[in-house]
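**Student:** The primary structure of each chain is shown beneath.
Number of protein chains: 4
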Amino acid sequence: MTFESSETLFAWPIRVYYEDTDAQGLVYFANYFKFMERARTEWIRSMGIDQGDLLKNERRCFVVVDTSASFLIPAKFNDEIVATARMIEHTRATFLIEQNIYWQDVKGELLCKGLTKAAYIDADSQRPLRLPKALFKEN
Amino acid sequence: MTFESSETLFAWPIRVYYEDTDAQGLVYFANYFKFMERARTEWIRSMGIDQGDLLKNERRCFVVVDTSASFLIPAKFNDEIVATARMIEHTRATFLIEQNIYWQDVKGELLCKGLTKAAYIDADSQRPLRLPKALFKEN
Amino acid sequence: MTFESSETLFAWPIRVYYEDTDAQGLVYFANYFKFMERARTEWIRSMGIDQGDLLKNERRCFVVVDTSASFLIPAKFNDEIVATARMIEHTRATFLIEQNIYWQDVKGELLCKGLTKAAYIDADSQRPLRLPKALFKEN
Amino acid sequence: MTFESSETLFAWPIRVYYEDTDAQGLVYFANYFKFMERARTEWIRSMGIDQGDLLKNERRCFVVVDTSASFLIPAKFNDEIVATARMIEHTRATFLIEQNIYWQDVKGELLCKGLTKAAYIDADSQRPLRLPKALFKEN
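Protein chains in written order, with my numbering: chain F, 1 to 139; chain D, 1001 to 1139; chain W, 2001 to 2139; chain X, 3001 to 3139.
Isolated chain F, as found in the complex (with noise of 0.2 angstroms):
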């Protein structure tokens, strides 16, 4: 089952780094998803919930179950990007967030299109929860 998408866009600055980056110059495609995951974790951060907490405190955690990733235009060295997320679908313990990457600003060229599943689990068991309320809070 699919509920209403929020709307609201979180953009998170990131800086590239030369541990971002490969010999080919460029932003190496597998750290795009570490940037994605910063902004999903300041988005969330941003609802009040405190993964740190919640991992030490409830042993429960969000696991990503599906994630995909376009490649458009390379981000170099040096360069200032932003990467962000917005909730479109959902389920009682999964949602699904549309991550992109823009250069400087979300109206800057998009360098890179994302879709990220996460759920959200028992870090013991690894047994799906129902989501948190705070996800969902008006803002």
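Bear in mind the hints are in silico, worked out from the structure with no lab data behind them. Some hints could be false.
What the hints assert, rightly or not - For each label pair, taking beta carbons as the anchor points, the in silico distance ranges come out as:
id: 1; chain 1: W; residue 1: L2110; chain 2: X; residue 2: D3050; range: 32 to 38 angstroms
id: 2; chain 1: F; residue 1: R127; chain 2: D; residue 2: K1113; range: 17 to 23 angstroms
id: 3; chain 1: F; residue 1: K133; chain 2: W; residue 2: M2047; range: 43 to 49 angstroms
id: 4; chain 1: F; residue 1: E58; chain 2: W; residue 2: Q2104; range: 21 to 27 angstroms
Claimed, not checked - In silico contact screen, one side only, chain F against chain D (beta carbon under 7 angstroms); selected entries:
id: 5; residue: A30
id: 6; residue: K34
id: 7; residue: D66
id: 8; residue: S68
What the hints assert, rightly or not - Stretch-level coverage of chain D by chain W, calculated; a stretch enters the list once three of its residues show a Cβ under 8 angstroms from a Cβ in chain W:
id: 9; region: 1009-1023
id: 10; region: 1026-1039
The structure presented is a predicted model; accordingly, all values stated were derived computationally and were not measured. All C-beta atoms in this analysis are idealised placements derived from N, C-alpha and C, irrespective of residue type, glycine included.
Place chains D, W and X on chain F using the hints.
**Tutor:** Frame of chain F, contents of chains D, W and X only:
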């Protein structure tokens, strides 16, 4: 335009080190894409293509255009896993590779289902090049 | 030959994400070196040096020659930490930077004590170059 | 207190992939520490110690306390290198390991000289434990 698939399956063993894991105790999701690239790289090497020479001497390289993965069962620290590569279709300049990850060997549990579309390009201009013939040789 | 140290301390805040941690539940030791480089990069930027332009237009870059770290207290997932950079000595082509990592801010607990010796080189020949004057300007 | 060194040299071959390199075209400096840990892990495995079981069943693990590296000659994309581990001294709970990296094999050019001091600890309390006897067995 898409041609017929080669059915040859290439498999590359990988050991999970601490560098590959995260604080949830399992392999960090983005690192499965590194594992897939190791298998892809070794599969290309097995075709007689030396990507080091290609990049250095001819300024040609393969880049990932699209990639996706579904994470079914998490690999853990110290696990022995195997990442595979099998070309399933191609155009003049791009190829689509099925890349699964299994526990221990290709008959083991399927941990991750991946797909990678790569292109062959000029490293300086980023323009597409015709795929090397060696990718299609009979094995 | 070693000159007098600049006493200016540069501090750069860093958030610990899952990508930075390992299955022991803490920051993976090698990733502290990435944190140090982020602080070093931002300190160099604060001097008015654009390493992206340097590499692209002049084929000059900074490289790490020696580095060491002592890990005193581990940082955890979701922690806010701060990485510092302070030049403590230099020669014509190299400089030694003290790079500590603290919990929350430079008055917080000392988590990691680091030292980095970097050189300024020609990216193609790998030959040493005289350090840019901007590194020694009055702030 | 320091005991006599074992002179046994353990060597582990490593292939340099794109994931290991950066936009300077060479191995990213912090990744040499990952290579050293792979060699250390395989050396410990060769002693009959299964770190996966240790962490999961006994909640015991090895952690890096201090580490340093001197970078002499850079490794490049696609290079075959070898990382070594040799215990050179130890106390009750810690051991010092010499970890060099060579081009192709231990008779090849020395690329990186490293030292790692590791401790054996309780993963939950972070308290030091007496080193496992297996680390000192005759080979």
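**Student:** Hint by hint, work out which the structure violates, then give me just those numbers in ascending order.
**Tutor:** Of the numbered hints given earlier, the structure breaks none, since each of them holds.
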